[in-house]
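K.L.:
With the hints as extra help, turn the sequences into a complete structure.
Protein chains in written order, with our numbering: chain A, 1358 to 1759; chain B, 1358 to 1759; chain C, 1358 to 1759; chain D, 1358 to 1759.
These aren't lab readings, by the way, just hints derived from the structure by calculation. Check the hints yourself; a few may be wrong.
Same chains, same names: a pair is fine if it fits in one copy or spans any two.
In silico EDC-like pairs for lysine to aspartate or glutamate, Cα to Cα no more than 16 Å straight-line [what the hints assert, rightly or not]:
| id | residue 1 | residue 2 |
| --- | --- | --- |
| 1 | K1718 | D1553 |
| 2 | K1703 | E1512 |
| 3 | K1529 | E1570 |
| 4 | K1362 | D1383 |
| 5 | K1415 | E1560 |
| 6 | K1479 | E1505 |
| 7 | K1513 | D1532 |
| 8 | K1513 | D1482 |
| 9 | K1529 | D1519 |
| 10 | K1415 | E1388 |
| 11 | K1529 | E1560 |
| 12 | K1362 | E1407 |
4 protein chains.
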Amino acid sequence: MSDVKKVVLAYSGGLDTSIILKWLQDTYQCEVVTFTADIGQGEELEPAREKARQFGVKEIFIDDLREEFVREFVFPMFRANTLYEGVYLLGTSIARPLIAKRQIEIARQVGADAVAHGATGKGNDQVRFELGYYGLEPNIRVIAPWREWDLTSREKLLAYADQHGIPVARNKRGDSPYSTDRNLLHISFEGRVLEDPWVEPDEEMFVLSVSPERAPDKPIYVEIDFEGGDPVAIDGERLSPANLLAKLNQLGGENGIGRLDLVENRYVGMKSRGVYETPGGTILLTAHRAMESLTLDREVAHLKDELMPRYASLIYNGYWWAPERKMLQAMIDASQANVSGTVRLKLYKGNVTVVGRKSAKSLFDPHIATFEEDFGAYNQADAAGFIKLNALRMRIAKRLQG
Amino acid sequence: MSDVKKVVLAYSGGLDTSIILKWLQDTYQCEVVTFTADIGQGEELEPAREKARQFGVKEIFIDDLREEFVREFVFPMFRANTLYEGVYLLGTSIARPLIAKRQIEIARQVGADAVAHGATGKGNDQVRFELGYYGLEPNIRVIAPWREWDLTSREKLLAYADQHGIPVARNKRGDSPYSTDRNLLHISFEGRVLEDPWVEPDEEMFVLSVSPERAPDKPIYVEIDFEGGDPVAIDGERLSPANLLAKLNQLGGENGIGRLDLVENRYVGMKSRGVYETPGGTILLTAHRAMESLTLDREVAHLKDELMPRYASLIYNGYWWAPERKMLQAMIDASQANVSGTVRLKLYKGNVTVVGRKSAKSLFDPHIATFEEDFGAYNQADAAGFIKLNALRMRIAKRLQG
Amino acid sequence: MSDVKKVVLAYSGGLDTSIILKWLQDTYQCEVVTFTADIGQGEELEPAREKARQFGVKEIFIDDLREEFVREFVFPMFRANTLYEGVYLLGTSIARPLIAKRQIEIARQVGADAVAHGATGKGNDQVRFELGYYGLEPNIRVIAPWREWDLTSREKLLAYADQHGIPVARNKRGDSPYSTDRNLLHISFEGRVLEDPWVEPDEEMFVLSVSPERAPDKPIYVEIDFEGGDPVAIDGERLSPANLLAKLNQLGGENGIGRLDLVENRYVGMKSRGVYETPGGTILLTAHRAMESLTLDREVAHLKDELMPRYASLIYNGYWWAPERKMLQAMIDASQANVSGTVRLKLYKGNVTVVGRKSAKSLFDPHIATFEEDFGAYNQADAAGFIKLNALRMRIAKRLQG
Amino acid sequence: MSDVKKVVLAYSGGLDTSIILKWLQDTYQCEVVTFTADIGQGEELEPAREKARQFGVKEIFIDDLREEFVREFVFPMFRANTLYEGVYLLGTSIARPLIAKRQIEIARQVGADAVAHGATGKGNDQVRFELGYYGLEPNIRVIAPWREWDLTSREKLLAYADQHGIPVARNKRGDSPYSTDRNLLHISFEGRVLEDPWVEPDEEMFVLSVSPERAPDKPIYVEIDFEGGDPVAIDGERLSPANLLAKLNQLGGENGIGRLDLVENRYVGMKSRGVYETPGGTILLTAHRAMESLTLDREVAHLKDELMPRYASLIYNGYWWAPERKMLQAMIDASQANVSGTVRLKLYKGNVTVVGRKSAKSLFDPHIATFEEDFGAYNQADAAGFIKLNALRMRIAKRLQG
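P.N.:
Right, here's the structure in full:
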């Protein structure tokens, strides 16, 4: 396998990707370049630099991608009111295309011929990473250690670490009760103790939110301003995309908002159980729909709703960089020009309630009752004709086909 | 207009339909048959009989349709996880086709040549009633007094009532602050003080639920059993459809569940603001999705999700009796055979949280990790091929189209 | 009805719209502005000017809209491979939005407060015209004489003409055997002798094409060049949109191509039988699909195919100017950037056969068999994994649900 | 690889599957059971029995599946007017699920633990076979020799044949100019000389049809009767499904009907060029659409059209036995109850022209013009209201959003 000369590894600095780093060096006898991204996972990244150096890595990339993540990935996705399988806000899925893109950019910059990631062979993330890699750079060599090596148990992994002098934090010695993924949009939990879908998760597991029970006893009100389909301000204060989402996370988390317990269908063909916290995203989805309810044409809104599940599946399955996702995005974006205004929300113990919306582009006409005077738009007698012609095909059918 | 001989009126016994009753007798010089249905609106119906008698009505129909309503209309709709415009549970829409059907049955039974309803000329209900009438009986004559008469203001209505000796309850003298519609699935509020979409409704308005703030401080847990897509028992107790929904309404209402404040798009072309309470339905939707998440094939679930908005629009717009709704229903029903099992929910101050689901038909395989031994279903190496071929078209495109 | 001051009439110069012109002047006591458009109907337009003058019309608009028609309406529609109900190329439907738009522009220019058209009250065209008018100018007053007047029979129309000195060509005295509509894309025939869907139309009826039987006994070959989804040249000769379509009409017509005999569903709720000749459009549809087959991504092509029927219905029903049509168009247009190259066709007695296609943007890779060497794109062993994971959900279901 | 004990091979009796037969015996040291199906490929099957015997095969299955093929697979598919990528009638795709099903039945009957097929690793057929196998029998072992062995060139195959005494017909010594697949619905050609999509195929290639040029100079007329969506008689003569399709093939083939030259998108990710002859199917598609045009509700027809491309992809990709295909089929079948009557067609030199359709279930009402008298169905004034309310949302938008 000496055909790989240089590989860019998506490196978190944690135990697993450190083992991968070492394993790549040993197995492929190649140079490893590490890439560590801040997408809001809430961890210090500098330790990753130090660890990489200890493995002799010469080219180390540590990028703060938080603004790009929210602006170019999270917000476009929310323009579609995207939910996978009716409820899931795609917090993990939407981060992978950005990682893949940046990894390929670095590969080009450093002249690497391969990329590697730490996703396992049974999950969705391997697909999302690799469809991104291949879609952006068709000739890239992809290394997925979890599908290749024989470190197929926790014991073997730890033995490998010990054998190669990779430090293992004490709390990593035992099996963690579940695996997690975190970024500025959400944190996920899956596996192990969650594998029985009949068992409720422990309260101790949650990270981004208090439980509704522990949230304050008084509601708070918040106003979100939108421009062209994207949120731009909270309670009148303009914020950058990442700061805005962080602020919503704080508000949501404090008020017990955004938890989800789900059995979902993975792209690789199996069902899995996931638990998610998406405090800010949950608020944002509700607010965006409310903004659209006031400013979007009915048929446009309905068409968006009908295509949303497919758009969601594309993101969930890893097709962010595919032409059909871009094509749908072109349509979604074209619908958002007038989605501007303010939504007022009440947050209280897990509830996000829309209590007001206003917009200079509102299509809600309070004078509709009387706007006959304005331009003759609504004459009640018109409804009779409207109904009669809409009923005609059914009347004929009843008469002729019985 | 003496061409109408006998008309079946959907009669609530309230002021408006009493005025209509009298107006029909006067204007059309025809016999009026009244039809009053119990669909769970929570009112005594016998007073309607007495009132109708006072107007000289000879044929009076008072039917308890609650079980049929839930079994034949509400439950089939919930099989599709139906939401109009992403959030609305269609509580009003789903009752209209039943009223229309029964009214036509009565018209045939009593030999009436016309039917009449009390819906106004600007709303959706006129469409729902009349598409039902025409679809079931193409030659029926439809009378919609609100589109015909000149009683176009509250004052004129009251004057007409006084003039014709129609008793007006004191609290009906003034304008009510909003109009409502109630049945076993929900209550709706719209119009008047709600017409400014920026203003939050008063807490006093709500009927079926306490506010989350006033709900108990301790969560309760509830288990719902499903068979073939429909709920059949709560906490192990089998209940008839109507009783089951009533029980869910009670549980939801006590726990502050099911309120919705919405700007929606009417079929007649305008936006309107509605506030709804659907306590039991909100629980049921969450539970049904959870049951499906465990027992439904991925592609079947996704196809249902993609067609759901259209199915919802058909119901909202009044096309329950149309062939395309039946065709979609055939598909939806065909998907539900294995949607059986139990969902465990936590209800707390407005939140409905799925905390467990189990099923003898579960497609969730906890042994997937190891079921290689069983029948060789999952080999991690397969994922590489899966990804490679799914990526192929994108790789070729990148290479050839750049 | 003296509230109308000035009306812009879509005026053909023929008998019917001449009667309308006079009727408008008499009934509404208003000034009439005539608008006559050349959209390729193959008639002299100057006589319309003279006739209008005879009625005292002062503002007369005669516009050659052929290039705009093809460039801004026909070609965008063909980018979607649009067919209504599987077979109809929408020749009439696609012309109406242009007429409506120009009529509104003129109304603004001359300060008219109303527009009028000559479509009847049972067809689709009234809807197409009026949705265009209203969508572009919400306060416009629309006059549809066929829905208003009492000239409800041929006899009454002719009597009105005679009475008001409107000249009637001899061949217009009797009923024409069918009504027609013609423009650069097609000619349609409907009504009267065609109303029995079991009866084959007479050969004499056809205008734009010879029958396949009378077409030449030798095939001809033609090459069409596309750029960005639109045709730009025939046999290497660049042509303007209108000239290109005219050339295709000639080639198609000479070779018996593009006839269609159809029972279709009108938007107003009834079925009708139409016969169409669309010689150039039939060739263009085949060519465009062939160009896409070589240059479009699979999923993009499939998504277009799934949305096409809805797009076609929008055009058929008159929603060209509606936001949902524009939204779909944005998506369709976004897909066409690489739809460039050349298609070679054989035309022979009604058949249009694709015999070759080539493109600098081709996604067809003849070296796929061996391009393993290139970049490792296709390894047959990958197919096993691809199939295994795609089958997984079905295997689990069979095992667990039986 | 001695873990396989008995394998059921889809065996044609030809050179390739004979080599596979021998290779399976040698490589897997297992018993081979052969299965040869008559699905209308037009070849003698008894020679396959004799050849199998010569290889020592003890269990030989030769089944005439023609009626089942047409009744249970072809006709259900045609109920949806199924076309892949707008033009392809899926002749190969629709046969694979039947082969897979029968192979699994035989495997169960003879106690085999594996199945094998002769499809290559780059095509769609491997997917179709194997998704069928796995979907019907999740634990089955699948052997795809073309993906496993090293007989990767024509020379190696012939050498293997010679070495093992497998007779090679003289005309099989050289490369055939293309590969073909034939059954009662169609014949396909692909590969080799067809791989340049710019080159027209030779006239000599075609099997089932004369060219339009060589077809008779006189049209013939044919009438097809439908019942419940399926054809049942030709020119008044009731025929079994297979005989009916054979008759249509004869009529179509004689008249130059049903050739198609296509670049298509394979499920495995590449484009390929195929040429097809589907004479009877081409007639049937046209006839079925015409029958539906008279008897199907508009919205039902449109919904079918919108879902058809997805249904077609499911069949093309091999998902016949998947739950989502069955779910769509339930919907399609539910639509066909009234699709009964007669379609009259003209066949002439490649053209299939509908010239008449009639039905006792017709929804075409010739008296629509006057049926006001009947039941007041159509009042031209209704159209004004119909248009006004349909335009309302656009008028409001123009006024408020400009």
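K.L.:
Any hints from earlier that this structure breaks? Give me their numbers in increasing order, please.
P.N.:
2, 3, 5, 8, 11, 12
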